[in-house]
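Trainee: Protein chains in written order, with our numbering: chain V, 1 to 158; chain R, 159 to 737.
Hints are computed from structural coordinates only; laboratory data are not their basis.
Built from N, CA and C at the ideal position, the CB exists for glycine as well.
Don't take every hint at face value.
Claimed, not checked - Simulated DEER-style distance windows between Cβ atoms:
1) R/GLY652 to V/LEU138: 15 to 25 Å
2) V/ASN98 to R/ALA646: 49 to 59 Å
3) V/LEU57 to R/LYS635: 49 to 59 Å
4) R/ARG203 to V/ARG14: 27 to 37 Å
5) R/LYS255 to V/ASP40: 50 to 60 Å
6) R/ASP207 to V/ASP40: 44 to 54 Å
7) V/PRO101 to R/LYS576: 26 to 36 Å
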Amino acid sequence: MLLDATHLPEAAARAFFRIILENTPTYYAPGDRYVEGPIDGVDPHPFDVLWEVFSQLEEESTEDLETRFNATLAADVSLSILARNIIIVWYNGYLGNNMPPAEVYASALVWQVIRANPPGIPGPYYGEWAYPPSDPILPPGHTPQKDQHLEHERRKRR
Amino acid sequence: MSVESVDESKTFDVAIAGAGLAGALIAHRLSRAGLDVLLIDAGDRPYFDPATGEDLRQPLLDRFFTNPVKMTNSAFPDLAYAPSPSETTLNKYFVQKGSLPFQSTYSRMVGGTTYHWLGTALRYVPNTFQEKTVYGRGADWPLTYNDLEDWYWEAEKAIGVAGNSDVDLGAPRKAGQPYPMPEILPTYNDQKVAAATRGLTFEGMPVAFNSTPQARNSIPYQGRPPCAGSANCIPICPIQAKYDASVHIKWAMNPSLDEGATIDSKAVTPLFSAVLQKVLVDDRNRIIGLSIKRPDRSELTVSARLYVLAMHAMEIPKVLLWSATETLPHGVANSSGVVGRYLMDHDVKITYARLPEPYYVFRGPLSSSGCESLRDGPFRKDRSGFRIELQNTGTSWATGSPFSNVVDLVNRGYTGKKLRDQLAWDVSTQIELNGLLEPEPNYDNCIKPSQTLFDPLGLPRPEIRYSISDYSYAGAKAFVEAAKTIYARLGATGFSEVPGWFGAGHVMGTTRMGHDPNTSCCDSYGRTHDHPNLFITGSGLFPTVDSANPTLTITAVALRTAQHIVDSFNEAPEPSHHQ
Numbered sequence: 001m002l003l004d005a006t007h008l009p010e011a012a013a014r015a016f017f018r019i020i021l022e023n024t025p026t027y028y029a030p031g032d033r034y035v036e037g038p039i040d041g042v043d044p045h046p047f048d049v050l051w052e053v054f055s056q057l058e059e060e061s062t063e064d065l066e067t068r069f070n071a072t073l074a075a076d077v078s079l080s081i082l083a084r085n086i087i088i089v090w091y092n093g094y095l096g097n098n099m100p101p102a103e104v105y106a107s108a109l110v111w112q113v114i115r116a117n118p119p120g121i122p123g124p125y126y127g128e129w130a131y132p133p134s135d136p137i138l139p140p141g142h143t144p145q146k147d148q149h150l151e152h153e154r155r156k157r158r
Numbered sequence: 159m160s161v162e163s164v165d166e167s168k169t170f171d172v173a174i175a176g177a178g179l180a181g182a183l184i185a186h187r188l189s190r191a192g193l194d195v196l197l198i199d200a201g202d203r204p205y206f207d208p209a210t211g212e213d214l215r216q217p218l219l220d221r222f223f224t225n226p227v228k229m230t231n232s233a234f235p236d237l238a239y240a241p242s243p244s245e246t247t248l249n250k251y252f253v254q255k256g257s258l259p260f261q262s263t264y265s266r267m268v269g270g271t272t273y274h275w276l277g278t279a280l281r282y283v284p285n286t287f288q289e290k291t292v293y294g295r296g297a298d299w300p301l302t303y304n305d306l307e308d309w310y311w312e313a314e315k316a317i318g319v320a321g322n323s324d325v326d327l328g329a330p331r332k333a334g335q336p337y338p339m340p341e342i343l344p345t346y347n348d349q350k351v352a353a354a355t356r357g358l359t360f361e362g363m364p365v366a367f368n369s370t371p372q373a374r375n376s377i378p379y380q381g382r383p384p385c386a387g388s389a390n391c392i393p394i395c396p397i398q399a400k401y402d403a404s405v406h407i408k409w410a411m412n413p414s415l416d417e418g419a420t421i422d423s424k425a426v427t428p429l430f431s432a433v434l435q436k437v438l439v440d441d442r443n444r445i446i447g448l449s450i451k452r453p454d455r456s457e458l459t460v461s462a463r464l465y466v467l468a469m470h471a472m473e474i475p476k477v478l479l480w481s482a483t484e485t486l487p488h489g490v491a492n493s494s495g496v497v498g499r500y501l502m503d504h505d506v507k508i509t510y511a512r513l514p515e516p517y518y519v520f521r522g523p524l525s526s527s528g529c530e531s532l533r534d535g536p537f538r539k540d541r542s543g544f545r546i547e548l549q550n551t552g553t554s555w556a557t558g559s560p561f562s563n564v565v566d567l568v569n570r571g572y573t574g575k576k577l578r579d580q581l582a583w584d585v586s587t588q589i590e591l592n593g594l595l596e597p598e599p600n601y602d603n604c605i606k607p608s609q610t611l612f613d614p615l616g617l618p619r620p621e622i623r624y625s626i627s628d629y630s631y632a633g634a635k636a637f638v639e640a641a642k643t644i645y646a647r648l649g650a651t652g653f654s655e656v657p658g659w660f661g662a663g664h665v666m667g668t669t670r671m672g673h674d675p676n677t678s679c680c681d682s683y684g685r686t687h688d689h690p691n692l693f694i695t696g697s698g699l700f701p702t703v704d705s706a707n708p709t710l711t712i713t714a715v716a717l718r719t720a721q722h723i724v725d726s727f728n729e730a731p732e733p734s735h736h737q
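Only chain R is shown next, with the shape it has when bound in the complex (with noise of 0.2 Å):
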């Protein structure tokens, strides 16, 4: 379990904030390399024993069971000390000040949003990394594709994906690197959709149904089962068969159940219901100790030789800028005064229509199939790029089926058998599409510490301003042609488009890389220019993105930067990029 406090006085090899996906990553190979790793959640307990690696997430179940609101947070504690957004409470924490609300939620607990997340892990695009070279739209990545292909294989064995080595979805993959597992079994849905759509076409772009590449089991992976079909990735699955990132906590926190642990392995130093509160630096711009809040108000401060910052691209820019004093009047980490903003989302826009079959719901991952083959071209240079998400559940998120469709047909004086024959045909041939829409990063949309709303601990609440592009309107008009053309081909009826938008849980772009200190926050390995011995991970290092979900690029991400502070450790020359 954690440890109760820490000896001040101790200075670690490596802190890292945060025990999220990042953060765990990073812990577990550092530990491997036998750092000494102290490593700090908000979250109060892992749901988990670390003696013994027994999974223990029943909790969270029972808590997703008797919860009346079945959204992402459903499973999880709301820590009254570190609050966690919620899409029923959003602005019991977000501050919202912008033309749009921000919707996407995150977890802070212990193994953090990769509990909910639904499991999506794509590759980006080549020209992504160029969008700016390419397109004239974005910021151009101090990394290309090339740079980090050996790393996105690297993150697809370390999480476990299951996808087809031999799909081509825009991002190339080299012989030699396939899939650590086959591709999850198309659902009755996805195949029903990808043989109608077989020969469509888009603005003259071919509309692909392809199994998504998920970290969702479909052999046994990491002692974890595969996919049973629970239907439930988000908010939690019932047995572990999608990665979670309490799999590289565990090993980092006990080696002994790393198969992959050797020697030098060394068990990194838990410290949990411990937040952030300021990060201190010297008058030589050195990080010396990380501020941390209890729950009970009382404060320590822990020092490392090295931090590491893995607390969300939320959470990480409102600790940075809170953390202004005199000397650093724009925060920590923040000359460049692109801290915070930035601030994107996939933006999601909903679709949906009714079958003249049966294609059946809630069977299976809550998606498996999607159309990756829109998401890049040459009109990226006038509108955004977009994916399309194939839903297995049926119009759960447009319409909160199945259970409203129960009280309708209620409503209605259905009863009896008239009633079950009724709600089962009309629940089995619902098919929802969703549009999830490249944004454009924009200066203006920002996260910033409040100065005026606190939480219960007296920590600053994130004050958001958001707004959507004319270039994501654009994409959405597009999706949404592109949408009808595929109703059309499964003869559905009855399009409907939900109005607004909806956050697709990706926060990105807050805390952006790059090349020049004067437009970015850190170098491609998250090394802050102003403060060497601080690093920032997750995808707040984003400058840019396509479509696709952003985890999969976090973890490729993260791992290179492990292999790199190993390296700085180990003070060897600049490593290849092979591992």
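Next comes chain V alone, as it looks inside the complex (with noise of 0.2 Å):
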């Protein structure tokens, strides 16, 4: 939801987990200071009480679960740093110096969004660069009109 996809690769997602894990915050947890990290079986690690309060919100169904979510991460340093770190490294495919293996690089969202070859990765075909995306980028909150051809060919057919 936070990355609006779906069908994540599974290789991809492994990577990114790890590299997430490695790098929750822990000097804070919910409400408290920790000087050390979070004690195994004793303090609830962030990424299970994301994993939580996500729970809770979707079983409440409230209507906009995106921005109660956002809301309610934003009220927590350590959980919405948690989140931050989820969507980055999703979208960019690394995070900080944190790489993942080479054959996860492509999974980085950020190409697909923008109608980009992943550079590196051996491209399209020739000439593919000279027209623009089939599926074109409209500035944000843009609701694409109708197609009124299509409709009035749909209201002649019934």
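Hints given; two lone chains; assemble the complex.
Mentor: Structure (structure tokens):
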């Protein structure tokens, strides 16, 4: 949901999850400040807490789940960093200096979003760049016009 | 593969130090002529199979994919015994003593910096060869454009340049000498900018955006595929659509892979993991050997009848100066005192803005269009010329796009669809115009071997003094004004100029050619004035330049030199400039 994507590739998921776990902020846990990291088995791991928060909100079936989730996270220093790291690692394919294996390089979401070829992966074909992509990028908030001609055709056939 | 070692009692015909672009071209031409050539390189291995010619660049790609820093050398191993400079660790190798850091890098590997170059293949304009006479700036070459014109065409065929022969980019082309390949199809970005700037002028000159002649296949060539839009020319093309010197090294090492091989073709002897430390000279000023150091610190001396230094414009003068002896206190080939002097780069000024609609980014080559129409003119008496490079990669150089855009939006609280839509829009509406400024050769800009700081093999690190002249500062001001008028035509907003300067990767001037042995290091063939059996190659030879990338000129000069060397072995009379 935070990524607005479905069917995320599993190899990438594993690699990115590892990076997230290695970089989970643990100086702060919900409500408390820890000088050393959380104690296994005693203190809640931020990732588990994040999942609990999400599950709770989902159960409540609130209409704008995303907005409520973000609002809840924003109030929590540790959880908001964790959530941001998750999004960043999925979009950029890395976090800081933490690099996943080469095989998942092309899974970074940013390239699909900007309609680009992940640099270094062999490109689509000669000349592909001469035309705008088939699914153009619209200004944010722009709702695409219904295709007037198609609408008319549909009505005619009824 | 490389030989383990070489018989020190053997005298080759030619020993070439450096298997980069110039070394590879010359090795190949000499091997075709049947000469017995030793090809030496610091690099530890070729990234192809010499037996079959199969390209083996996957390890380089994997290194790039897993490197958190995606800069010019990010795909390449940094050899402990032969460090290469890099943008992130400039001071690990370069010793910067000047008012400005010298920012350009190169790759010490078999095939050299052509692995990571962009591929731009422009000719210098005629006035550049006589810049002193025409504009009172720089220095005249001991060559005119006419002398080099046929060699430029040979160069375009040798490295495979795609371009439009009907477009005048300031350097005349002879009829019957077309580019070997049609121009690379302009990107959507290119077309939008070209259309919007039609009729635009700056200081009375047209601002014309055209497809850049580039060593990038638009059709299959030399057994390599056409460009597929991998958007990664720098640091490495995954499919070798962009020329790199392994093409010629491969043919030189194994003539059976070379369709143009002759019955005389003789495979070169490759000696890799071999760093040149000194050039040895006898008391009659003849070069008698090259002292080589290996990664295990063992040494050997190789000898030949004739020697060619092709290790790059930074390393060549370093070695020549380091080779000083009691009888040659100023270094080898340096009675003129110019070795290591007149160090030049194309200083780059980066500007960017926001477009009103997407031109789309990271599609096609990193740059496939530019403006060449502002490089030359009477203004060069007072300020430098520049070329404008239109990037197809948004503001990746200026701002670290698209990664920085992701981080920025996420930190501002964007998630989900809002993030996706805003990110797509913000990145695809980026435009970046870079100005490559013509440098003015300055005696005080120099490279010397450090006397106090050494690399892991005990060889001196390059000590560099660099500054940018008022001539180029004035040119940069003009570039920024020109860029603003272009952005205005595009309806772009949010004009930004990145503070400071960047390096273009063009190291030039450090072993300048000339007629006069008092003011130059070598003649137009690169034959040093002081030592008749020593040749130098590469952009270090250039006494002055315009703002065009140097590689095509390196190629033309190297091919001309190769022919000269072949002729001198055949004891032929001085050849005409037709091959």
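Trainee: State for each hint whether it applies.
Mentor: Hints and how they fare:
no. : hint                             : result
1   : R/GLY652 to V/LEU138: 15 to 25 Å : holds (20 Å)
2   : V/ASN98 to R/ALA646: 49 to 59 Å  : violated (42 Å)
3   : V/LEU57 to R/LYS635: 49 to 59 Å  : holds (56 Å)
4   : R/ARG203 to V/ARG14: 27 to 37 Å  : holds (32 Å)
5   : R/LYS255 to V/ASP40: 50 to 60 Å  : holds (53 Å)
6   : R/ASP207 to V/ASP40: 44 to 54 Å  : holds (51 Å)
7   : V/PRO101 to R/LYS576: 26 to 36 Å : holds (31 Å)
In terms of the numbered hints stated before, the structure departs from hint 2 and from no other.
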